[in-house]
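Undergrad: Here is how the chains run, residue by residue.
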Amino acid sequence: MEKQQLVNELKNKIIEQLNLVDIDPATVNANDPLFGEGLGLDSIDGLEIVVILERDYNITITEIESLTPHFESLTTLAEFVAAQTAVTA
Amino acid sequence: MATYCSIQPNSIKHNDECIFAVRPEERENFFLDAYRHFGLAYPKFHKMDRFCQLGFLTALPIVPAAGKYDPAKTGLLIASKSGSYFTDNHYFSRVFAEEKINYSPAQFTYTLPSAVLGELSIQHNFQGENYLFLQSEYNFDLLRDYAKSLFHDQKLDTCLIGWMDYYGPDQFLSTFLWIDRSDLINLDTIILNINKTCFDYGKATVS
Amino acid sequence: MRSSYITAAEIVSPLGIGLTANFEQVKNGASALRVHQSKAARTEIFCSRINEAQEQQYDAILATEERLTKLEKMTLVTAKRLIDSTNFKPEDSRSLFILCTTKGNIDLLFQPESTIPENRILFSESAGFMARQLKFKNLPIVVSNACISGVEGILLGRQLIAAGVYDKALVVAADLVTDFTISGFYSLKAYAKGRCRPFDQDRTGVNLGECCAGVILNHEADKDTDMKIIAGISSNDANHMTAPSREAKGLTQAINHCLQTVGEDKAPDFISAHGTGTRYNDAMESKAFGQSGLETVPFFSLKGIYGHTLGAAGLVETVISIAALRDNLLLPSVGFQKAGEDVQQQPITQLKWSPMRRFLKTASGFGGGNACLMVEKIRA
Chain R
1 MEKQQLVNEL KNKIIEQLNL VDIDPATVNA NDPLFGEGLG LDSIDGLEIV
51 VILERDYNIT ITEIESLTPH FESLTTLAEF VAAQTAVTA
Chain W
1 MATYCSIQPN SIKHNDECIF AVRPEERENF FLDAYRHFGL AYPKFHKMDR
51 FCQLGFLTAL PIVPAAGKYD PAKTGLLIAS KSGSYFTDNH YFSRVFAEEK
101 INYSPAQFTY TLPSAVLGEL SIQHNFQGEN YLFLQSEYNF DLLRDYAKSL
151 FHDQKLDTCL IGWMDYYGPD QFLSTFLWID RSDLINLDTI ILNINKTCFD
201 YGKATVS
Chain G
1 MRSSYITAAE IVSPLGIGLT ANFEQVKNGA SALRVHQSKA ARTEIFCSRI
51 NEAQEQQYDA ILATEERLTK LEKMTLVTAK RLIDSTNFKP EDSRSLFILC
101 TTKGNIDLLF QPESTIPENR ILFSESAGFM ARQLKFKNLP IVVSNACISG
151 VEGILLGRQL IAAGVYDKAL VVAADLVTDF TISGFYSLKA YAKGRCRPFD
201 QDRTGVNLGE CCAGVILNHE ADKDTDMKII AGISSNDANH MTAPSREAKG
251 LTQAINHCLQ TVGEDKAPDF ISAHGTGTRY NDAMESKAFG QSGLETVPFF
301 SLKGIYGHTL GAAGLVETVI SIAALRDNLL LPSVGFQKAG EDVQQQPITQ
351 LKWSPMRRFL KTASGFGGGN ACLMVEKIRA
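Protein chains in written order, with my numbering: chain R, 1 to 89; chain W, 1 to 207; chain G, 1 to 380.
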């Protein structure tokens, strides 16, 4: 899958799973921070993203702490997903 | 100075004055519209379940601004009959619908009736005694007795007490009261009036 | 303020029925934690559960035609033991029934074929049903504040007795292990791999447990009464829905209140900690002990024995701690091997006799709540 396509797919899944009602997908940029500022997600939202990764991409997460660099933005997340799914393909 | 807020489907009252209402045909968006009406930018609101959103909205008009109360001496006492009944069912039907478990850690945190204590404490910085009671009959007597006792013990100087139920989109009610020490002398009268005004409480039940 | 004496204490658990039987097991180093396969967790987990044979024992004890949920059986057996061991009269207008639970009869959701009336899934309806079975005249109160429920139930009874609203309270706390709660803790990545290890450097989370415990509180002591509640309070971190405040602000505030209430010459001889085995709780609790000047007070967690019994935990652990205080025994913190850098003191590792007068019980939970109470032995 094209990276941009994966970024958009992840964006929509996150907005839906996390019920981000007041967020317009068009205003969310691929390089915006996911946590703290930007989308302003917190640690529980992070666990919801883990559910998406495990359920929709068959990625098994064993160490939550190792995810921090991959969760910086949609871009880094898409790169992580692409790398993990390429490994299992 | 005692002040109260009451919510039932489609309207919000603050000290007997209606401050927000939607027409019956618009009631599907009541919570979202009420949130927008108050003009608050609090994205976490959308993550809450309806029970917490109900508590959140009921407290909003009556809790004073930060600095007007001592967080460590502010209590939060809420009673309910429904508790997290609706959210528990929602979680169950979402997570266990299929053979494969469909996890939702965010939703799980709301399958506790006391989640509303957490949300209100975070929003208003309530650090004092906090309780969630489940009772089968609507009245504020326990809340009155317990609050009084905590005031006398010098554990509290201010307190938010309230009753709330959420059974479904058309079946919810809440009444919250904010009191401080000066209200203790009149508290019995205030509570008598509140007990009378919402007499339909507690009759809603599991169908 | 009118006092609250503890005139009875009981527990019904996977280790057995009754406080005597349970405490024997605890002294012998038993743990109720067993391997369990649940579809709500991808790997096998440890938890502590009451099995079918034990449930049948409860049926035999209760000998009733009424259909009861598992939680109701556990609660009624505990309540009856409490009532039978004292002169407590449920029908008295000055007697109150308090139930503490986080999920009540949540197993009913998994039993669509159950013939138990659907409204008993409401905590207040189940409590009302049980109150009538026990012959209470007053409407019961259910306390549900996550993992601090068990302690708060005692605080509620104590406060209402002090205020003169009631003279006696029967406080019972119970919770089940179900796929409902397993799914939640597992998805929060808070369920331990293997057995839970409170305060240990390699701890990875909780093991859930099901249990029921209860006490009778009375404004008067009788000739056998040896325990009294001398302080207690709850607080809130006002910080995060599932994680405790890193600075341990709320729990420190609550502990300090208790210590100030009893005065310097009544420091606790041990702390019955919450010690769930999660990274956050145990680090926070350890910090709170240090910040309130209790860094040299011996402490233990009982969750390596009973698991995390959620709403019941505070009461289960208070009851076992009462037995320990009575026998002057410091209990080992099962599951602990080595302290990590984030835990400032080491819990007790060996059963040890030590003459003692009082203990502090601490609890913290989802929603930011903290609660503690202090129990004093008033006669040897």
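Hints were generated in silico from the structure; no laboratory data involved. Among the hints, erroneous ones may be present.
Below, a list of computed lysine-lysine pairs in the DSSO-like style, where the Cα atoms sit at most 27 Å apart [said to hold, decoys possible]:
no.	chain 1	residue 1	chain 2	residue 2
1	W	Lys155	G	Lys189
2	G	Lys338	W	Lys196
3	R	Lys13	G	Lys39
4	W	Lys155	R	Lys13
5	W	Lys148	G	Lys228
6	G	Lys27	W	Lys148
7	G	Lys193	W	Lys44
8	G	Lys27	G	Lys89
9	W	Lys100	G	Lys352
10	W	Lys100	W	Lys155
11	G	Lys135	G	Lys377
12	W	Lys155	G	Lys352
13	G	Lys137	W	Lys100
14	G	Lys377	G	Lys80
15	G	Lys193	G	Lys338
16	W	Lys155	G	Lys266
17	G	Lys27	W	Lys73
18	G	Lys266	G	Lys80
19	G	Lys89	G	Lys39
20	G	Lys27	R	Lys13
21	W	Lys100	G	Lys189
22	R	Lys13	W	Lys148
23	G	Lys27	G	Lys193
24	G	Lys39	G	Lys27
25	W	Lys73	G	Lys189
26	G	Lys266	G	Lys89
Far from chain W, some chain G residues (derived; all Cβ distances over 12 Å) [as the list claims (entries may be wrong)]:
no.	residue
27	Lys39
28	Gln57
29	Ser85
30	Ser144
31	Leu156
32	Asp224
33	Asp237
34	Val262
35	Asp327
36	Leu329
37	Arg357
DEER-style ranges, computed between Cβ atoms [what the hints assert, rightly or not]:
no.	chain 1	residue 1	chain 2	residue 2	range
38	R	Gly36	G	Gln201	48 to 58 Å
39	R	Ser66	G	Thr64	20 to 30 Å
40	W	His152	R	Asp32	44 to 54 Å
Even for Gly, the Cβ is constructed at its ideal location relative to N, Cα and C.
Undergrad: Evaluate the given range 20 to 30 Å for the C-beta pair formed by R:Ser66 and G:Thr64.
TA: For G:Thr64 against R:Ser66, whose Cβ atoms are near 54 Å apart, the range 20 to 30 Å is violated.
Undergrad: CA of W:Lys148 to CA of G:Lys228, is that 27 Å or under?
TA: holds (23 Å)
Undergrad: Does G:Lys27 pair with G:Lys193 here, judged by a C-alpha cut-off of 27 Å?
TA: holds (26 Å)
Undergrad: Holds or violated: are the alpha carbons of W:Lys155 and G:Lys266 at most 27 Å from each other?
TA: Roughly 20 Å between the alpha carbons, so the hint for W:Lys155 and G:Lys266 holds.
Undergrad: According to the definition I'm using, a residue is off the interface if its beta carbon is farther than 12 Å from all beta carbons of the partner; does G:Arg357 meet that for chain W?
TA: holds (24 Å)
Undergrad: Taking 12 Å as the cut and beta carbons as the points, is G:Asp237 off the interface with chain W?
TA: Non-interface label on G:Asp237 violated, nearest chain W Cβ at 7 Å vs cutoff 12 Å.
Undergrad: Is 44 to 54 Å respected by the C-beta to C-beta distance linking W:His152 and R:Asp32?
TA: holds (52 Å)
Undergrad: For a C-alpha distance cap of 27 Å, please report whether G:Lys266 and G:Lys89 respect it.
TA: Distance of about 33 Å is beyond 27 Å: violated.
Undergrad: Within a Cα-Cα threshold of 27 Å, do G:Lys137 and W:Lys100 meet the stated pairing?
TA: violated (46 Å)
Undergrad: Regarding the pair G:Lys27 and R:Lys13, is the alpha-carbon distance no greater than 27 Å?
TA: Judged against 27 Å, a Cα distance of about 52 Å means the pair is violated.
Undergrad: Can you confirm whether the C-alpha distance between G:Lys135 and G:Lys377 stays at or below 27 Å?
TA: violated (31 Å)
Undergrad: G:Lys27 and W:Lys73: Cα distance at most 27 Å?
TA: violated (41 Å)
When the structure is compared with the earlier hints, violations turn up for hints 1, 2, 4, 6, 7, 8, 9, 10, 11, 12, 13, 17, 18, 19, 20, 22, 24, 25, 26, 27, 30, 31, 33, 38 and 39 and for no others.
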